[in-house]
Amino acid sequence: MPPSPGNLPDPALLRGLTQRRLGRRDALRLSGLSALGMALAACGVEGQGEPAASAPPADAVAKYWTGKTSTKKVDFACWPLYMDPEQPELKKFTEETGIKVNYQEVIQEMAPWFAKVQPQLAANQPIGYDLMVITNGIQFKQFKDSGFLAPLDHSKLPNYAKNAAPAYKEEAFDKGNVYSIPWASGITGIAYDPAKIKRPITKLADLWDPAFKGKVGMFSDTQELGNFGMMVLNIDPDASKADDWKKAAEKLKEQKDKGIIRNYYDQSYIDALGKGEVWITQAWSGDVFQKNVSDGTNFKFVIPEEGGTIWTDNMTIPVTAASPLDAITLMDFFYRTDMAASLAEYINYVTPVPSARDQIRKDAEEASGEDKESLEQVADSPLVFPTEADYARLNYYRDFASAAEQQEYQRIFEPIVLG
Amino acid sequence: MRRRLAPYLLVLPGGVWLLLFFAVPMVTMLSLSLQQGDIVNGYVFTGHWQTYVDAISAYRTQLVRSLMYGGIATIVLIVVSFPVAYWIAFYGGRRKPTYLLLLLLPFFVSFVLRTISWRYILTDDGFVLGPLKDSGLVGASFHILGTPFAVIAGLVYNFLPFMVLPVYVALERIDPRVVEAARDLYASPATTFRKVIFPLALPGVFAGVLMTFVPASSDYVNSAVLGSSSTTMIGQVIQAQYLTNSDYPTASALSFTLMAVLLIGVFAYARALGTEDVMKVAAR
Numbered sequence: 001m002p003p004s005p006g007n008l009p010d011p012a013l014l015r016g017l018t019q020r021r022l023g024r025r026d027a028l029r030l031s032g033l034s035a036l037g038m039a040l041a042a043c044g045v046e047g048q049g050e051p052a053a054s055a056p057p058a059d060a061v062a063k064y065w066t067g068k069t070s071t072k073k074v075d076f077a078c079w080p081l082y083m084d085p086e087q088p089e090l091k092k093f094t095e096e097t098g099i100k101v102n103y104q105e106v107i108q109e110m111a112p113w114f115a116k117v118q119p120q121l122a123a124n125q126p127i128g129y130d131l132m133v134i135t136n137g138i139q140f141k142q143f144k145d146s147g148f149l150a151p152l153d154h155s156k157l158p159n160y161a162k163n164a165a166p167a168y169k170e171e172a173f174d175k176g177n178v179y180s181i182p183w184a185s186g187i188t189g190i191a192y193d194p195a196k197i198k199r200p201i202t203k204l205a206d207l208w209d210p211a212f213k214g215k216v217g218m219f220s221d222t223q224e225l226g227n228f229g230m231m232v233l234n235i236d237p238d239a240s241k242a243d244d245w246k247k248a249a250e251k252l253k254e255q256k257d258k259g260i261i262r263n264y265y266d267q268s269y270i271d272a273l274g275k276g277e278v279w280i281t282q283a284w285s286g287d288v289f290q291k292n293v294s295d296g297t298n299f300k301f302v303i304p305e306e307g308g309t310i311w312t313d314n315m316t317i318p319v320t321a322a323s324p325l326d327a328i329t330l331m332d333f334f335y336r337t338d339m340a341a342s343l344a345e346y347i348n349y350v351t352p353v354p355s356a357r358d359q360i361r362k363d364a365e366e367a368s369g370e371d372k373e374s375l376e377q378v379a380d381s382p383l384v385f386p387t388e389a390d391y392a393r394l395n396y397y398r399d400f401a402s403a404a405e406q407q408e409y410q411r412i413f414e415p416i417v418l419g
Numbered sequence: 001m002r003r004r005l006a007p008y009l010l011v012l013p014g015g016v017w018l019l020l021f022f023a024v025p026m027v028t029m030l031s032l033s034l035q036q037g038d039i040v041n042g043y044v045f046t047g048h049w050q051t052y053v054d055a056i057s058a059y060r061t062q063l064v065r066s067l068m069y070g071g072i073a074t075i076v077l078i079v080v081s082f083p084v085a086y087w088i089a090f091y092g093g094r095r096k097p098t099y100l101l102l103l104l105l106p107f108f109v110s111f112v113l114r115t116i117s118w119r120y121i122l123t124d125d126g127f128v129l130g131p132l133k134d135s136g137l138v139g140a141s142f143h144i145l146g147t148p149f150a151v152i153a154g155l156v157y158n159f160l161p162f163m164v165l166p167v168y169v170a171l172e173r174i175d176p177r178v179v180e181a182a183r184d185l186y187a188s189p190a191t192t193f194r195k196v197i198f199p200l201a202l203p204g205v206f207a208g209v210l211m212t213f214v215p216a217s218s219d220y221v222n223s224a225v226l227g228s229s230s231t232t233m234i235g236q237v238i239q240a241q242y243l244t245n246s247d248y249p250t251a252s253a254l255s256f257t258l259m260a261v262l263l264i265g266v267f268a269y270a271r272a273l274g275t276e277d278v279m280k281v282a283a284r
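If you're matching them up, the sequences are chains A and B in order.
With the first letter of the first sequence counted as 1, position 173 gets the number 173 in my numbering; the numbers rise by one all the way through.
With the first letter of the second sequence counted as 1, position 266 gets the number 266 in my numbering; the numbers rise by one all the way through.
Read the hints as simulated data drawn from the structure, not as lab findings.
Positions of the beta carbon are idealized from the N, C-alpha and C atoms, including for glycine.
A couple of the hints might just be wrong.
To be verified - In silico SDA-like pairs for lysine to any residue, Cα to Cα no more than 20 angstroms straight-line:
1. Lys275(A) with Ser117(B)
2. Lys275(A) with Leu122(B)
3. Lys275(A) with Ser141(B)
4. Lys133(B) with Ala195(A)
5. Lys241(A) with Pro415(A)
6. Lys275(A) with Thr115(B)
7. Lys275(A) with Ser135(B)
8. Lys141(A) with Asn41(B)
9. Lys213(A) with Phe149(B)
10. Lys196(A) with Gly139(B)
11. Lys275(A) with Gly139(B)
12. Lys256(A) with Phe142(B)
13. Lys116(A) with Val221(B)
14. Lys256(A) with Ser141(B)
15. Lys141(A) with Gly42(B)
16. Lys275(A) with Gly126(B)
To be verified - Stretch by stretch, here's where chain B covers chain A in the computed footprint (C-beta under 8 angstroms, at least three residues):
17. 115-121
18. 213-219
19. 248-262
20. 272-285
One chain only, chain B, in its complex shape (with noise of 0.2 angstroms):
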């Protein structure tokens, strides 16, 4: 009896974790988004489905600017990563763990801290452009501080850790000896590349692009500290509409719409990838 219960004993504390601290606010989350009201007479549930429709019409520009923000990050950090990783992997020797370790260090820093701190370095008449600007090389109202290019240098900046891991996992794996099979068997170095490490190299590209692309584009600390209001992202419009004009059912629908839209879109990913399930791929 007891050797029965075993597994269902061992599942409880993740299991109630997950009921209180996933399902208990996606449910609050849900009621919220069908409510109407205002802050100071309180929001009741009437079942309104019109706020998605107000929310998406609203801020449209600002969702389809987040996914491709973080799907050009996403791109950017596979072609960053992807190098650093296959160094690490096959030329690392035994200093790989060091390696790693400064790839991290970093990474013991707040990552709101870092970013503000990137503000600094480019700010207009910081150290950086400061001389530049009083040699004439770039006018007096350049700027890169609030700039596409800024914003989206910082999520790369950010998220490069996510991309370098999975993908230095993958290519660790690799059999050299597979590699020396290609090889012997007359392949360049270029087709050796193509054909069979890249391929198995794929698993953890995908497992990079889910731990990227996904915060990336709900991200809002990038954005609100080196952006402008021209970058505005969706993560911050949810922020602002919850933590400035306590407007919860719109910040709640256009939480929602985000999530489905992230979701539709890592399955369409998946399936373009190949038959493999998702989540089988992204628990490697």
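Next comes chain A alone, as it looks inside the complex (with noise of 0.2 angstroms):
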């Protein structure tokens, strides 16, 4: 919100009087009109831009958690295949506190959840959530910058502080876990129907193979779009810059117009991959091995040879929750070793917990059959439990230096997914 002193009307009011071309117009000294244009003027659409927000005042914290009391009742936002249906975790966790969960998998896409909420958020309403887990990237860093996130109070996460690991304690994009501490990591790859497909998919030129045509799925976030389009290019996309985003584009643009893409996806894509619309597509790493745990099918995920990008899904609390105290409780509650252990069991994503590891192991030994190979697996899974050579294929999402430079990028890619 701009400062404004007193008794001046909006500046977006002004600057809309004083406009030169406006002024010229000389249909608009009828009054008539001129009222329609101050009504036009008037109806600016105000940001919430707070430069400084990566840097809090030191008591906004004490700020915004005095006088917060609990309500019992966590409102949950979060994404489809993120945790067992069974909810399990949350079960215990209503045993263990009294505290409702009201647990929703409303996200699926980072683009339309921002659009989604901006608006109330932008007037100070309350979403209808307490938590919500978004993924870093370009939508986290505008929650951010538009001061939509609560500070967190770290004393109120001692699970955290302790289970952590060192890596997930120091990301670039919240340094210092101001707003957010992780959900889940997960790795962008491709997924495939070997089925279908009679040969083993390595690399990301997979993605443009002609024999594929009309069933090659692509994710219609930008970012993940534009990531791929570089990689296959060999481009990095950290250190990218316009003219590379271009020549992605001119890429991903061949692939569509020569007919091998299908769609671009939003979480839908696995519903399209069981449905057998995309024989190969981009992939989430633990989405796989959920849909072939639930329904039997046996699609492969692989890390391309060109590379893979990691991502980090993190726990926020929006300033307007109305229940904040609940919800912090919770987010320190799956840093309990044995919840993160029961978490990465069932979605098979990166966990931030590594003591979760020795968990699912013995978690593994009292079971039995089936479930006890699964468990090892997930305990040995590079998906779950990534090495450093692992890390070292993958890239992490680009950090934007503005608005504009962000802007730019968005201008490029999406006319790709927009058809």
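Starting from two chains that each stand alone, build the complex the way the hints lay out.
Given below as structure tokens:
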């Protein structure tokens, strides 16, 4: 909110009224039309830009948390395929704390989620959720820079302090975890159906293979899409410039114009893979595992030779949350070793809690038959516990220096997704 | 005095309604289309007409494609609906209401749900295409979903009653004696149809076209559910610009462009059909 001194009208209105181009228009002298002009100018959309938002004042935490009390209920906004449908962790949480959790799989893709809740948050209204899991990237920065995220009180996060891996305490997108702590990390790679594709898939170029015409899926998220477009050309996304983006966009356009692409997907890609609409697609590591477990399919997930990308989904509290205290209690609950292990066992995404590995091994010893095998697989899976060598092959999401740079990026890749 | 005010008072609720829910959003949208900025820092009115030029040049293909899909769907609708309406109107007898109800029955279910269920029926390995593929009648990569055919078929399916009903109403009103007179004057059945029945049904067809072409051209559900990235329609672009990219100016500019194109199209069409006033015909 721009600071406006005393009784001056809204700056948006002032700028509208003093615009030269409008003043020149004779027609506007007619009172009716100038009234319309004023009406037009008055409907500006206010932003929430706060330049210093990444380093909040020292007392922000205290100021936010003072007077917050428990309501014994948390509304939790998450993604599909991010928890066992039986919700064992949440049941346990309710049992131990008496706090009820309303878990909703409402987030399918970051950009639409931001667009959906932005108007309410900008108007300082609650969005109906106390806890939301959002990916680092363009929209994370937008949430943060708009001042939509509550600063976390780390004195309420003892398990996190004790159990989180050091790497997950110093991530570039939120230094010092002021606004977020990780839920899980994942790798973007390629998933395919070996029943339809008879050769092993190893590299990104396979997504451009004309043999799979009309059967290839890509993500509609511009960052995911752009990253693969760059990586197939051996451009490092992190160091890329506008020229690189244009080259990548050309490459992606070629894929579309030749009819190789079936469609650009959000989370629904996994459904399209299941229905046989796509045979090979850009994919998120854990989804394929869960799909295979729950639907008995036999899809494969590979990290391409050229590398994949790694991202982190983070638990955050919207500033307007009705029950932030219960939300932060739940956040910390997921950092208990047994809970982190239980979650990782089901979702098969990278857990930020390294001690979960021993717990999973222990669980495996106690289990028998198929369960045992599956748990042992999880404990040894590079997709849940990547090694240093695995990390070296993965690229992080690019950080944009400014809104202008990010807009330029969007303008280059958006038209591809929008056909 | 009271008698003189009465008509105005009667118009008041409707007028306020229109002002609130039509005029205000329109002015807001026009303003939005002329603003600049971004979602984090806010949009500010600058009278930036260039947005229109940029938006049209970037999404011309989708605009033309939408009008084409809408046009094809409308023509198919006329061809499909006319015989149905004709049969119900002239041969329906006392079961007419039953037939009309049958026609409307599927529309008791949400139109998005019905479209999604088509997706299940027609999906690549579904129960229609799966067996065909297993028996080798069609290739393994053959698909119906994701093609322009699927999108246009979806449009035709979803807008069918909006064409059948107006045509039916027009046909129903035809006095049977007029048809008898044509036969008495030695007109063949074909001539009767061409010179008497069809011209009398034309207002119905016109209303049907209005009620199908306009929403079909701006539809985004069918293409989103049944189409692919090569069938993107302008409605999808507008939706994505508003609800994915938060690019309000581009979305508003495209909305206004689409509205202008459709209005011009409708008026041109009315002109071509005859001198009758569009509104008068539409009101029938």
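Going down the list of hints, with the structure as the test:
1. Lys275(A) with Ser117(B): holds (13 angstroms)
2. Lys275(A) with Leu122(B): Holds, at about 10 angstroms.
3. Lys275(A) with Ser141(B): Given pair Lys275(A), Ser141(B) holds - Cα atoms ~13 angstroms apart, limit 20 angstroms.
4. Lys133(B) with Ala195(A): holds (14 angstroms)
5. Lys241(A) with Pro415(A): Distance ~18 angstroms between Lys241(A) and Pro415(A) Cα, so the pair holds.
6. Lys275(A) with Thr115(B): holds (16 angstroms)
7. Lys275(A) with Ser135(B): The given pair, whose Cα atoms are some 18 angstroms apart, holds under the 20 angstroms limit.
8. Lys141(A) with Asn41(B): Answer holds: Lys141(A) to Asn41(B) is near 13 angstroms, not above 20 angstroms.
9. Lys213(A) with Phe149(B): holds (18 angstroms)
10. Lys196(A) with Gly139(B): holds (12 angstroms)
11. Lys275(A) with Gly139(B): Roughly 16 angstroms separates the two Cα atoms, so the pair holds.
12. Lys256(A) with Phe142(B): Within the cut-off at roughly 18 angstroms; holds.
13. Lys116(A) with Val221(B): holds (18 angstroms)
14. Lys256(A) with Ser141(B): The given pair, whose Cα atoms are some 17 angstroms apart, holds under the 20 angstroms limit.
15. Lys141(A) with Gly42(B): holds (15 angstroms)
16. Lys275(A) with Gly126(B): Answer holds: Lys275(A) to Gly126(B) is near 7 angstroms, not above 20 angstroms.
17. 115-121: With 3 residues close enough to chain B, the hint holds.
18. 213-219: Coverage by chain B holds here, the residue count being 3 at a Cβ distance below 8 angstroms.
19. 248-262: n = 4 at 8 angstroms, threshold three: holds.
20. 272-285: Coverage by chain B holds for the stretch 272-285 of chain A (3 residues, Cβ < 8 angstroms).
The structure is consistent with each of the numbered hints, conforming to all of them.
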